[in-house]
Amino acid sequence: MTGFERDLLDLLPRLRRFARSLTLDAADADDLCQLALERALKAENQWAKGTRLDSWMYRIIRNCWIDELRSRRRRGETVAIDVDGFDLPDAGDRQMEARAELNNVDRAMSALPPEQREVIALVLVEGLAYREAAELLDLPMGTVTSRLVRGRQALMELLGEQA
Amino acid sequence: MTDEEIMAYVDGELSPLERLRFEKRMQTDAALAEKVRRHVALRQTIAGHFAPVAEEPVPGRLAGVFDDRPNVLALPARGRAKRSYFRAATALAAALVAGIMLGQQLPDRNSGPIVDRAGVLLAQGDLATALDRQLASAPSGAYRIGVSFPAGPQGTLCRTFAGPAGAGIGCRASQGWRVQRYVAGGQSERGTYRQAGSAEATIMAQAQEMMTGEPLDAAAERRARDMHWLPDGK
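Chains as they are written, first to last, in my numbering: chain A, 1 to 163; chain B, 1001 to 1234.
No lab work stands behind these hints, which were simulated from the structure alone. Some hints here could point you the wrong way.
Below, computed lysine to aspartate or glutamate pairings styled on DMTMM-like, alpha-carbon distance capped at 25 Å [unchecked claim]:
1. LYS1024/B with ASP1003/B
2. LYS42/A with GLU68/A
3. LYS1024/B with GLU1013/B
4. LYS1035/B with GLU5/A
5. LYS49/A with GLU1209/B
6. LYS49/A with ASP7/A
7. LYS1035/B with GLU157/A
8. LYS49/A with ASP106/A
Label pairs and their calculated CB-CB ranges [as the list claims (entries may be wrong)]:
9. ASP1226/B with GLU135/A: 47 to 57 Å
10. THR2/A with LYS1024/B: 28 to 38 Å
11. ASN45/A with PRO1057/B: 28 to 38 Å
12. VAL1120/B with SER55/A: 28 to 38 Å
Quick reminder that beta carbons are idealized off the backbone N, C-alpha and C, glycines included.
Chain A on its own, in the form it takes in the complex (with noise of 0.2 Å):
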């Protein structure tokens, strides 16, 4: 096993965690895993040594889920998100909403819109500084942040004393 791979076994555990968070369903994240690590080992090369291989990753599954997002879209299936633009802030993801067992965090979460909860994720559970984030999805400082107040006020509406 070459580095790189122990590297990216290591990092599995997080990146499932990343996935859940972004897709909010124990399957999904896993076949979003799947998708993004086969990708990664194929594009071994593209991953300069010495940058952040975990950053590299979170932009790998990222990518994927949008991928993901716009071929549901395609299809009709998960209604009004502009994965282009992200600029329908008004998403709820109604198929989440139809599940009944979804976990309050989760249910709040699903409410928001992808532009908003990917950052939510990357800062509040994974731990990212705004910077990482920010070069992660290749944003402005000032538009993760943005997105970041907008959440969480999303979710502290959701949430209420829970949160």
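Based on these hints, arrange chain B on the given structure of chain A.
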């Protein structure tokens, strides 16, 4: 203070000076302190909700991605959180020994040397006996013991082993020897031969990462065996 500033404080994004100023202000501004409390609570709720996912066993099919590579049963490194509140949230689940299972290719998990008891991998049969009784200095039988060492905050005793199918690390737990790492060597599914030596080298490297104290010398190892591998003879 704007929401953005409060958030930056809670996320550890302020410079030391800004932080100091913010905290001074908080001492006299009860409303601000309350807002901060809510933001911290939110962060803990969200982080705490997803933290256990990183402690779950990794499903075998994810290991399938590494298929033509040696089979590895490994554990996640304990959460490397940067900020204390985040650490507090993840600490909930940060048991030393949550197993991640990447060994779906172990031929039959419940008849070999390692048995799966509700997600806890335990050594059984010859392997358990070797871990219990065998000294590194006296190799005998199917398994060879490498190094014995303390790991984790409690100084739990762990031992590396190498056997016909691979190498691993077993740690003494109340229910027996928990197999914390396992790298398969020997004959792989595709019939290619992998030298046991590389599995052992991987395991030794992992043992080094786990060590929280000096490895046991021959006398200490013997003593530990006579004390049934309980740390400090407790």
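Taking the hints in turn, this is what the structure says about them:
no., hint, in the structure
1, LYS1024/B with ASP1003/B, "holds, 17 Å"
2, LYS42/A with GLU68/A, "holds, 19 Å"
3, LYS1024/B with GLU1013/B, "holds, 17 Å"
4, LYS1035/B with GLU5/A, "violated, 44 Å"
5, LYS49/A with GLU1209/B, "holds, 22 Å"
6, LYS49/A with ASP7/A, "holds, 12 Å"
7, LYS1035/B with GLU157/A, "holds, 13 Å"
8, LYS49/A with ASP106/A, "violated, 36 Å"
9, ASP1226/B with GLU135/A: 47 to 57 Å, "holds, 55 Å"
10, THR2/A with LYS1024/B: 28 to 38 Å, "violated, 51 Å"
11, ASN45/A with PRO1057/B: 28 to 38 Å, "holds, 31 Å"
12, VAL1120/B with SER55/A: 28 to 38 Å, "holds, 33 Å"
Going down the numbered hints, you'll see the structure goes against 4, 8 and 10, while the others check out.
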